[in-house]
Amino acid sequence: MSAADIEKGSVDATSPHQALASAAAPRPRPRTANPATLGLFSFASTTLILSLYNAATRGILHPNAVVGMAIFCGGLAQLLAGMWEFPTGNAFGAAGKDLSPRLFPFSLWDDSGILSLNDLTTVVALGKNIGFIALFGFLTTTFACLAGGELGASPASTKAGGILGVITAFIAYYIGLSELLETEAHPPFRLPIGHLHPKKD
Numbered sequence: 002m003s004a005a006d007i008e009k010g011s012v013d014a015t016s017p018h019q020a021l022a023s024a025a026a027p028r029p030r031p032r033t034a035n036p037a038t039l040g041l042f043s044f045a046s047t048t049l050i051l052s053l054y055n056a057a058t059r060g061i062l063h064p065n066a067v068v069g070m071a072i073f074c075g076g077l078a079q080l081l082a083g084m085w086e087f088p089t090g091n092a093f094g095a096a097g098k099d100l101s102p103r104l105f106p107f108s109l110w111d112d113s114g115i116l117s118l119n120d121l122t123t124v125v126a127l128g129k130n131i132g133f134i135a136l137f138g139f140l141t142t143t144f145a146c147l148a149g150g151e152l153g154a155s156p157a158s159t160k161a162g163g164i165l166g167v168i169t170a171f172i173a174y175y176i177g178l179s180e181l182l183e184t185e186a187h188p189p190f191r192l193p194i195g196h197l198h199p200k201k202d
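To convert a position in the sequence shown, counted from 1, into our numbering, add 1.
What the hints contain is simulated information worked out from the structure, not anything from laboratory work.
Be aware that one or more of the hints could be misleading.
[As the list claims (entries may be wrong)] So the derived label-pair ranges between C-beta atoms look like this:
(1) GLY138 with HIS187: 29 to 37 Å
(2) ALA57 with GLU183: 32 to 40 Å
(3) GLY60 with HIS198: 41 to 49 Å
(4) LEU62 with HIS187: 44 to 52 Å
(5) ALA154 with PRO88: 15 to 23 Å
(6) LEU152 with PHE190: 16 to 24 Å
(7) PHE93 with ILE164: 24 to 32 Å
(8) HIS63 with ILE164: 13 to 21 Å
(9) ASN65 with ILE164: 31 to 39 Å
(10) HIS198 with PRO64: 39 to 47 Å
(11) ILE61 with GLY138: 25 to 33 Å
(12) PHE93 with LEU182: 30 to 38 Å
(13) PRO193 with LEU62: 35 to 43 Å
A quick note: this is a predicted structure, and the numbers were derived from the prediction, not measured.
Where is the CB? At the ideal position from N, CA and C, for every residue including glycine.
Turn these sequences into a full structure, and let the hints guide you.
Okay, here's the thing in structure tokens:
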């Protein structure tokens, strides 16, 4: 036990053996907040606005109404949330948030590339829970319709993709709220998302 430790009062021991044991004891890790809610809410908000544009809601035909949201909320916020997923050990969340949001601004013009990337994350989502299966299932169908509308010059397919995108956004809102309630010590209620593998205590 050093003089500095005695001055700081950081070691409470009456013998050298106790002092060494106290110094070697593992310190509790600080609790890390769950970044999934930020990523899901950012994704849902951007998807909702982008889908309303794709569905030509209220006659909005110019993408400039979506660009700011796509870059900062769907892009920057999701990128940060994905980086924060790494310390929690959630590789699926990190990959899903860091890869897809960077393509959001480009999804205004090209959806075929995002479709192939989303197919890979959909495969992993099959082992998560029913909520994520529904989310990525609707998202894949949304991108398929948007890609078909772009490649086939079909406004009806694009509008269908917009409607499916709105449904996808509300599913993401639901999962995000469920994750947020799960992290609270005393939530007013909980939202089930259909865990396929029950959590171990």
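Outcome of range test on Cβ distance (GLY138, HIS187; 29 to 37 Å) = holds (33 Å)
Taking 41 to 49 Å as the hint, is the beta-carbon distance of GLY60 and HIS198 inside that range?
-> holds (46 Å)
So does HIS198 sit 39 to 47 Å from PRO64, Cβ to Cβ?
-> holds (40 Å)
Taking 13 to 21 Å as the hint, is the beta-carbon distance of HIS63 and ILE164 inside that range?
-> Given range 13 to 21 Å: holds, Cβ gap about 20 Å.
Mind checking the hinted window 25 to 33 Å against the Cβ distance between ILE61 and GLY138?
-> holds (27 Å)
Within 16 to 24 Å or not, the Cβ separation of LEU152 and PHE190?
-> violated (44 Å)
Is 30 to 38 Å a correct range for the gap between the Cβ atoms of PHE93 and LEU182?
-> violated (21 Å)
Could one say that the CB atoms of ASN65 and ILE164 fall in the range 31 to 39 Å?
-> violated (22 Å)
Quick one: are ALA154 and PRO88 within 15 to 23 Å, going by C-beta?
-> With Cβ atoms ~45 Å apart, the hint is violated.
Does the Cβ-Cβ separation between PRO193 and LEU62 fall within 35 to 43 Å?
-> Since the Cβ atoms of PRO193 and LEU62 sit about 39 Å apart, the hinted range of 35 to 43 Å holds.
If you check the beta carbons of PHE93 and ILE164, does the distance land in 24 to 32 Å?
-> holds (27 Å)
Could one say that the CB atoms of LEU62 and HIS187 fall in the range 44 to 52 Å?
-> holds (47 Å)
Hints 5, 6, 9 and 12 from the earlier list are contradicted by this structure; the remaining hints agree with it.
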